[in-house]
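> One letter stands for each residue in the lines below.
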Amino acid sequence: MSEVILELDSVVKRFGDNEVLRGISLNLHRHEVVCLIGASGSGKSTLLRCVNLLETINGGTITLFGQSLADVRVDPDKVRRHTGMVFQSFNLFPHLTVLENVLVGPVRALKRKRSDVHHEALQLLERIGLRDRAEEYPDRLSGGQQQRVAIVRSLAMKPSLLLLDEVTSALDPSLVGEVLDLLRDLAQTGTTMLIATHEMNFARDVAQKVVYLDGGVLVEQGTPEEIFSNPQHESTRLFLERVR
Amino acid sequence: MVDDTDTTQSDETPSFFAPRRKQLLLGRRAIVASVVSTTLIIGGLVAAFYLAPGGAIVRHDFFNPHDMWESLVGNHHKSLNSVGLGLLINIRVFLIAEVFILTFGLTLAWTRMTKSPVLVPFRILAVIYSDVFRGIPVLLVFLLIGYGVPGLQLGFISNQSPEVYSCVALILTYSAYVAEVFRAGIFSVPHGQILAARSLGLTNATTMRRVILPQAVRTVIPPLLNDFISLQKDTALLSVLGVIEAVQAGTIFQDAKFNSSGLVVASILFLVMTIPLTRVTDGLIARDRNRRLASS
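These protein sequence lines map, in sequence, to chains U and P. Here the first sequence stands for residues 200 to 443, numbered as in the working numbering. Here the second sequence stands for residues 768 to 1063, numbered as in the working numbering.
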């Protein structure tokens, strides 16, 4: 197995009195795909946000490439440049064209020259079959297309880790497939991903490791085979029966 | 068969006809109804104006064509200032103040929203500023600046013309309002936009500049134009510092000839100045609304 790049150790996150993450410990290796499953409110999204420093944790440690994210010397902007995040609601920038959406990260955050990134951006759009829509505004695209652009916008930053937060949950059922296909494609080319998802078949297909969360507690983790075919805990079994 | 006593739905056949009186307002009759009501109301107002006991006097004192013309163009020999030329001062002050208000207002909004620890004192000052200048009547700001600043004897600063002090008073007051409009616009941008920008690694300032502001400005334009309409009118306050703009010229005319037609002329000129902006603003609001309806 390749090196561990992300290490969560007894991570605790509270919103007021509400403890959303209760001591989560989890490792992620380079080129690994880990799927977080669990009911809404189980803490999947919060976990991803903590890794991206959109939330600060109240206990435990998150270590990314050997550096604790709680270290005061850590610049959150730098962390985020290496951890791309894709959201349930796409969040494309509506005042920018599709191409500009993809360019904005490398140009404005990494300060790369527009002319240098331009070609890469078009190639990324080519990869998702939307090169001919580059000059259009996001509201002209379908939800599936928008979400694929959002994924590519993150990829343009060449992140070492991609965090995906229920990226198909806001989509029409008919549009889910195209987004999952892109993620499968990314998984095959060795993209390291931490994915919160409700798509069990997808998780079974692409993940090397599946993690079941319930009420902020990591109940069990294992290979897709172990979790889906032979869950050890009663609550995992019940959850899988309900979503099936 | 189903037992019909068990259902919560009514068994009656509903009738959809409006009652008699409401029928008078339906279909083509609606046009007739609107014509009748318009005629009655406008006719009533005109009649009141003509039939009022003092109607004839007011018409002579306020709407005398000869005096209206004389006040509009002014009269050199009688030292009567032109209301029309006065309005040019109102317009000039409006245009200059506007630029400063936009810049200063945006700076205030930005300062108030910044998270940088270094700027904390400025943030507090911005809050106090907006409370103070939204709280003091514009008229008082004019008087305090116009009489207070020259009294300080601060050389250059105390040696400006009343027109400059008026401009400053308008800028101080309106920036506070415009800052709040900008802030509301910034808050109207969905939080997901900020999350997306920050998670790309854009700094707070870049997020503001490249993501938030471009979107905020669009929603902010109609309320901003509303503030500018009101700014155009408040240039009339220049008169309290003795600047001979439209209103002051009308007042001079009134004092000299005991005739208020100059004030009516000033009103008409203000209307001519504000109505285009008012129409543009309403048009933009309607366009935004249509776009929202079309996209949902």
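If you are wondering where the hints come from, they were derived from the structure by calculation, not from laboratory data. Glycine residues also receive a C-beta, built at the ideal position from the N, C-alpha and C atoms. Do not rely on the hints blindly, as some may be mistaken.
Stated by the list, open to error - List time: in silico DSS-like cross-link candidates among lysine-lysine, alpha-carbon distance up to 25 angstroms:
| no. | chain 1 | residue 1 | chain 2 | residue 2 |
| --- | --- | --- | --- | --- |
| 1 | P | 1024 | U | 310 |
| 2 | P | 1000 | P | 845 |
| 3 | U | 277 | P | 882 |
| 4 | U | 277 | U | 310 |
| 5 | U | 277 | U | 357 |
| 6 | U | 310 | U | 357 |
Stated by the list, open to error - Okay, the calculated bits of chain U under chain P, using three or more residues with CB under 8 angstroms as the criterion:
| no. | stretch |
| --- | --- |
| 7 | 282 to 289 |
| 8 | 299 to 310 |
| 9 | 348 to 356 |
> All hints, please: hold or fail.
Cross-check of the supplied hints:
no., hint, verdict
1, P:1024 - U:310, "70 angstroms, violated"
2, P:1000 - P:845, "28 angstroms, violated"
3, U:277 - P:882, "18 angstroms, holds"
4, U:277 - U:310, "13 angstroms, holds"
5, U:277 - U:357, "13 angstroms, holds"
6, U:310 - U:357, "14 angstroms, holds"
7, 282 to 289, "holds (count 5)"
8, 299 to 310, "holds (count 5)"
9, 348 to 356, "holds (count 4)"
Hints 1 and 2 from the earlier list are contradicted by this structure; the remaining hints agree with it.
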